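Number of protein chains: 4
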Amino acid sequence: MRVGVLTGGGDCPGLNAVIRAVVRRGVRDHGFEFLGFRDGWRGPLEGLTMELGIEQCRGILPRGGTILGSSRTNPFSIDGGVEQIKDNLASAGVDALVAIGGEDTLGVATKLAELGVDVVGVPKTIDNDLSGTDFTFGFDTAVNIATEAIDRLHTTAESHHRVLVVEVMGRHAGWIALHAGIAGGASAVLIPEQPFDIEALCRHVETRFETSYAPIIVVSEGAVPVEGGDMTLVSGEKDAFGHVRLGGIGDRIASEIEARTGKESRAVVLGHVQRGGTPTAFDRWLATRFGLHAADAVAAGDFGTMMALRGTNIERVPLSEGTAELKLVSPEEYAEAAVFFG
Amino acid sequence: MRVGVLTGGGDCPGLNAVIRAVVRRGVRDHGFEFLGFRDGWRGPLEGLTMELGIEQCRGILPRGGTILGSSRTNPFSIDGGVEQIKDNLASAGVDALVAIGGEDTLGVATKLAELGVDVVGVPKTIDNDLSGTDFTFGFDTAVNIATEAIDRLHTTAESHHRVLVVEVMGRHAGWIALHAGIAGGASAVLIPEQPFDIEALCRHVETRFETSYAPIIVVSEGAVPVEGGDMTLVSGEKDAFGHVRLGGIGDRIASEIEARTGKESRAVVLGHVQRGGTPTAFDRWLATRFGLHAADAVAAGDFGTMMALRGTNIERVPLSEGTAELKLVSPEEYAEAAVFFG
Amino acid sequence: MRVGVLTGGGDCPGLNAVIRAVVRRGVRDHGFEFLGFRDGWRGPLEGLTMELGIEQCRGILPRGGTILGSSRTNPFSIDGGVEQIKDNLASAGVDALVAIGGEDTLGVATKLAELGVDVVGVPKTIDNDLSGTDFTFGFDTAVNIATEAIDRLHTTAESHHRVLVVEVMGRHAGWIALHAGIAGGASAVLIPEQPFDIEALCRHVETRFETSYAPIIVVSEGAVPVEGGDMTLVSGEKDAFGHVRLGGIGDRIASEIEARTGKESRAVVLGHVQRGGTPTAFDRWLATRFGLHAADAVAAGDFGTMMALRGTNIERVPLSEGTAELKLVSPEEYAEAAVFFG
Amino acid sequence: MRVGVLTGGGDCPGLNAVIRAVVRRGVRDHGFEFLGFRDGWRGPLEGLTMELGIEQCRGILPRGGTILGSSRTNPFSIDGGVEQIKDNLASAGVDALVAIGGEDTLGVATKLAELGVDVVGVPKTIDNDLSGTDFTFGFDTAVNIATEAIDRLHTTAESHHRVLVVEVMGRHAGWIALHAGIAGGASAVLIPEQPFDIEALCRHVETRFETSYAPIIVVSEGAVPVEGGDMTLVSGEKDAFGHVRLGGIGDRIASEIEARTGKESRAVVLGHVQRGGTPTAFDRWLATRFGLHAADAVAAGDFGTMMALRGTNIERVPLSEGTAELKLVSPEEYAEAAVFFG
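Protein chains in written order, with our numbering: chain A, 1 to 342; chain B, 1 to 342; chain C, 1 to 342; chain D, 1 to 342.
Honestly, the hints are just simulated from the structure, not real lab data. Incorrect hints may appear among the rest.
No copy is singled out in the list; a pair is fine if it fits within one copy or between any two copies.
Here are the simulated SDA-like pairs of lysine to any residue, each with C-alpha atoms no more than 25 Å apart in a straight line [to be verified]:
#, residue 1, residue 2
1, Lys-327, Glu-315
2, Lys-327, Phe-135
3, Lys-263, Ser-77
4, Lys-327, Ile-54
5, Lys-263, Glu-55
6, Lys-111, Val-339
7, Lys-263, Gly-248
8, Lys-263, Glu-221
9, Lys-327, Asp-134
As the structure is a prediction and not an experimental result, all values here were calculated from the model.
Bound-form chain A, shown alone:
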């Protein structure tokens, strides 16, 4: 059997660990041959391939990124894209595909599966917002990086009497902010699921200065103010180039806090540092297990499924289930640790 492998979407620590495990199990225990498709769905679409065997996977376990490259190409938004993929798979003699990716990549996989392509999915997102699985790999790495940053910022907040706003990844779901906020001992966590009230936040800042040292506020990049919440106090100063120097939500909040409370406030935007580099042990373990089980699913002919962590077990769930809806932070989960906040 000849199996194609591809990785799609944004960078995520653990991709290489999945690839290595799929290949190792496939070659050793199932007698598969492998073909690597480059740059996500662009690979099968444009016939971009690379040799993929045990040799190519040597030493990649601890490395971030993906040896297969990635892209956000969507074959369904390209005329004849699906036919092209089917043709390319056929002419390369590829019998089955392992697609490793997030909502978009697995969404394509889901539709291709419905159109008869034999595909198995491995869920990937540092945001941890894919339903059907307890955790996705990459998330633990991102949370640790954010937590280490918060650890470092505590000493500055403490010694220098400054409000520090840490913007972390999470466009739709607040998992990274919630976990890093709890682990880092933040005094407020703002997530997309719970619009924030800038006035209440500023009151918290003032109370905090009275009772303890300066607060650290963790905010998801997708956090939004409550409707009608006035966030326009700061009009933005122009810099030397004539441009207004205001960035994303972290910068906005820091500016508002400084304007409203008079307390010096700084934002730190962790950005892409959260999604690159070597994975944590947890992510390597999870990614490796996903890869092993994905190869087994191919061997079992159990297509149209994706791997999922449930407790400590890896299970197969329908691809459609994993991508049906985003897994958001529930009000109960947000409230659980509220005693540390506000």
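Keeping the supplied structure of chain A fixed, place chains B, C and D upon it in accordance with the hints.
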């Protein structure tokens, strides 16, 4: 309500995070007062106490160790120990206890609960071998430390053609070895649950040298040779002090491999480094949640229970269940990643 | 003898290590008593003091920040400020001061020394731009944090074909950018001392994409374009709040590169993460030695001096020398590693 | 010009960084061709070579180990070894050699230089005991790893009332122990240069328990007791295999302390973890600069020299000078931080 808190057994990253969360939730949401008992069960036994409130818990979240101190004192092996504890709790006006510890500490808690002491347990072991919970805090930190060590040893194995044997913690259960072995890309993992055959291991070493670079072998401190397995080839050389220079199982295995295969072999024994220092984000999150839920269990009067992670939920299980038996690595779990080994 | 200690200016890993070493040596070997002044020069100015002895310094060696607090208060810009300081020192019975800080803090110390205050200085800046000393503590920590971030970004650049611009600290001097750029394997380093040509940089980006993977560009926050260099191609898009989303120089450069080359470009601004948290071993060693020698200088009555690292020796140099001019990256030092850049 | 490169001796973080810098500067700025010799002096001796150019050096900067492999082969202890090397260099068309290694490797280089081989040396030892240079690369990494381990052990010492003995590398010189001991806040440091008195050490342990928490003692692997110092109190218990369970000096000291003071004592032997894995920023910077300057020395025909760090400059010193004597910790350097010890 006045609640006592104690920590028992070996060091484990996350103990302080539990204490902080219990106190914070207890004071803020349930109106508890707290009393700290020092040095495990020695505290209530000998009346060793310390003040414990939100102030004492400031800044302890990222710190290893325990502000309460610890010991392995067992009141049941001391004449009149149990009565003494009951008397001391009564005279200190303590209504309920939160006991944070492993098999031994919770074993005492289980028996005390049966004798009418109102106690709630929080499971703690870096070995991850307590049944009833998916994971215990401290384990993820230990696995990450071991994995980072293995990462470092790879370059030496690769460049200097040496067999490296890494001895990790795990007297009865091989969880740390298994997870760190998978995460670190070891080429063999030896655990207490699966006696090893030194001859087969040496054949693996020789094969490995032919096909790849020098192997890294991860071994639990409690690993044992198969019955009849000859591990006495090395008689031990005397050092300058006239003592035989042989340590634990890691050193033994390295010596045997070198004697049998002629390949230079070195053991690294990670030891106590695995159980000290700052916890990972996962362990801080898990420990914090255990603490929050333990305070809630006290408030609910749900005594004789311990906190357990099931999937992503914290549940209460009977104390007796959590300590009834060790959670060992099953043959299936050991076999899952065998494709990377041997 | 009664000795006051204060820390001024921005946060810098190693401040607590200096305090601990000054106090330890002073108490044990010279019989000093100590008084802590809080929040930089505000302490002696407003009489803000705290107890400072061996007990207060226990456990602070690995901690970032400063137990004394800090500020940017300058007594020379306050009417009667100098007299107030002299009065407060006299009434507190303080015979000598150890001032730990950067250009501003030591500038004040220099002038006070000329006015008869017995003061010894310890140089502090993560920017490493104080003349008279080979290195300052805090710099090595900042460089390591930046290097680890660059390590992580490499995998994203490599797998996802993106230009990554990393903005590091350094308003006047490019030391952090230069060292982290060399250590992190950046393909371009832009520093304040060498105005950059955005056109040449974009040509470099395009060449790089042809021959290797996407480039990583490290830029000091104080880097500037060459005179006449057109950096206004990007007019700035408005965000949801009606504000232009453009931050500092890192964001500007990323935007220009994307606009000119069509290559997706992202900026990461490391910010305050570089100056908080636990110091590296080098910084703890250097800070500790500075502290030990500062106490010796006080004991020797060698006032008006600051500690300096020369090779592996700690020497005393005149305070005026250390603050006379900024230590900038010379053209030769910038050129040394140019073979990796451009 | 055709230049050979080899790496000899034990593993050391930064070797790959040197290789990359030599090659990059040599190819780009001097028009050299390169040939890699494998496994130290065994390479030129047995004609073991590998291709070496910019391509082979891509991505190796942050990796520990050496892509060239290493060995401890000494051609001077092999009949006709030197002639063989000269023949192999000639037949491979190699005009000059860059030898990267420690005392032994550079000792061979020194003698070969005297015999007319055009060789330039780069000093390498994690022990930092090569004279002629302020620091060697690898040392800073080793010290940081040891310091992080000590940081972790503090919490165990503090919470669990145990003496912890940390054995670090350093057979002849105590640099790693001294630096890590200062940076980690050890309460005693034992180095080869200063024989220790076990009785005095035990008195220190007892005093320490009275005034503070349990002590951490850092000991070089080459530390020795004072002459006549009785270290034979512990006779060694036999383990399950009939072997006495006693390892190196760390274990010996822990056993003696426990036997003499009754305080539970544990040894942690860091071993090879100290010499593998990714280098710190300082070591990458130093290794890179050594490499750049070594290529320049070859271009300048300045053979028989080795690179040396003096302050912040890289200088060329005669090979014979660098290997003439070991750089030991002087009594003054040992005494400098004694206020923290004993």
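Hint check results:
no., hint, in the structure
1, Lys-327 x Glu-315, "both (18 Å within a copy, 21 Å between copies)"
2, Lys-327 x Phe-135, "both (10 Å within a copy, 22 Å between copies)"
3, Lys-263 x Ser-77, "between (49 Å within a copy, 22 Å between copies)"
4, Lys-327 x Ile-54, "neither (35 Å within a copy, 34 Å between copies)"
5, Lys-263 x Glu-55, "between (57 Å within a copy, 24 Å between copies)"
6, Lys-111 x Val-339, "neither (44 Å within a copy, 32 Å between copies)"
7, Lys-263 x Gly-248, "both (20 Å within a copy, 21 Å between copies)"
8, Lys-263 x Glu-221, "both (22 Å within a copy, 23 Å between copies)"
9, Lys-327 x Asp-134, "both (10 Å within a copy, 21 Å between copies)"
Violated hints, in rising order: 4 and 6; the structure is consistent with all others.
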